[in-house]
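Engineer: Read off the chains here:
Protein chains: 2
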Amino acid sequence: MAAMKYCGECGKSVSQKIPQGDNLPRFVCDSCQVIHYHNPKIVAGCIAEWKGRILLCRRAIEPKSGLWTYPAGFMEIGEGTEEAARRETLEEAGAQVTIVRLHSVLSLPHIGQVYLTFIGHLDAEVFEAGVESLDVRLFERQDIPWGDIAFPVVKDALHRYVDDVVDGTFRLHVADLSHRLI
Amino acid sequence: MAAMKYCGECGKSVSQKIPQGDNLPRFVCDSCQVIHYHNPKIVAGCIAEWKGRILLCRRAIEPKSGLWTYPAGFMEIGEGTEEAARRETLEEAGAQVTIVRLHSVLSLPHIGQVYLTFIGHLDAEVFEAGVESLDVRLFERQDIPWGDIAFPVVKDALHRYVDDVVDGTFRLHVADLSHRLI
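As given, the protein sequences belong to chains L and Z, one line each in that order. Letter 144 of the first sequence, counting from 1, is numbered 145 in the numbering used here, and no numbers are missing. Letter 170 of the second sequence, counting from 1, is numbered 171 in the numbering used here, and no numbers are missing.
All the pointers check out, no bait thrown in.
It does not matter which identical chain is used: a pair holds within one copy or between any two.
Below, a list of computed lysine-lysine pairs in the DSS-like style, where the Cα atoms sit at most 27 Å apart: (1) K52 to K156; (2) K156 to K65; (3) K42 to K156; (4) K18 to K6.
These are computed hints drawn from the structure, not numbers from a lab.
Construct the entire structure; sequences and hints are all you get.
Structural biologist: Below, the structure written as structure tokens:
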């Protein structure tokens, strides 16, 4: 659970305790008694295809600066899941995509994240590194830089994607990666 | 965006401003400069089947006390999406389910929620109202209380489910419900 010391409502101290009728510890204000819930965040991403190749970005920011990923980032309040994946692709890779389908729902319970990764088609062979990217390139499947992928969950999703393309199958992957990735 | 007045880190006041390198207003501490992000929450739910019928709960708590829903609730940090759907079904309906597949990913941008609804099979014809439910029953499709469903997103998911069962199709529904539900 993310650390919290003071109440966002009144500024007084909070304590971790299990509220009445609940079964998990929450941060509860010692003064105004407001309960502060922390819940998992959605990371929306897109594996964008163009003539058999996929678009990867080399990260310009920490964590994992210098390593590769498909465009992905925290979903914002006010947008839908596909919209978030399109926005991240535009921001990080300067590319417009049309979402084709949902590829995977991969939970990372130990860090409270859920990766929703979509498959998209580039609308044109147009892309450029956004401010959070050092480089953006189209990769043939056999050229994916497996040793330089930024996050285990991204590597896992890419492996599932490549395996499906090789097999000619197109299924949705729902999995919990807590055990394999720590 | 959820309101916030004081910094959870240092207890001093916060202001809404767009941090450098960002493009959305965030709550930023006037003193320690920490940025507080608010992101959409995942509601995990389960349409649990038993011999052609589905399990619905009558809510005992606000909002929408007295109205019907399939088991669903906020996903917790530390669990996966399917695990969250199973837990909600156990807590609200006293029922053990085996998850069959993901049914829908329905975004509610205006309130910062994403409903992940799974299809499950009851492990046995055993269920009972949990502390958050007044009643739990198995409904034939034609008996679903459409006029007394708690939330529009739940009604939308149930309609999609029933239509698919009638058609004999089993597809994943990804949609943004912002326009239809306000």
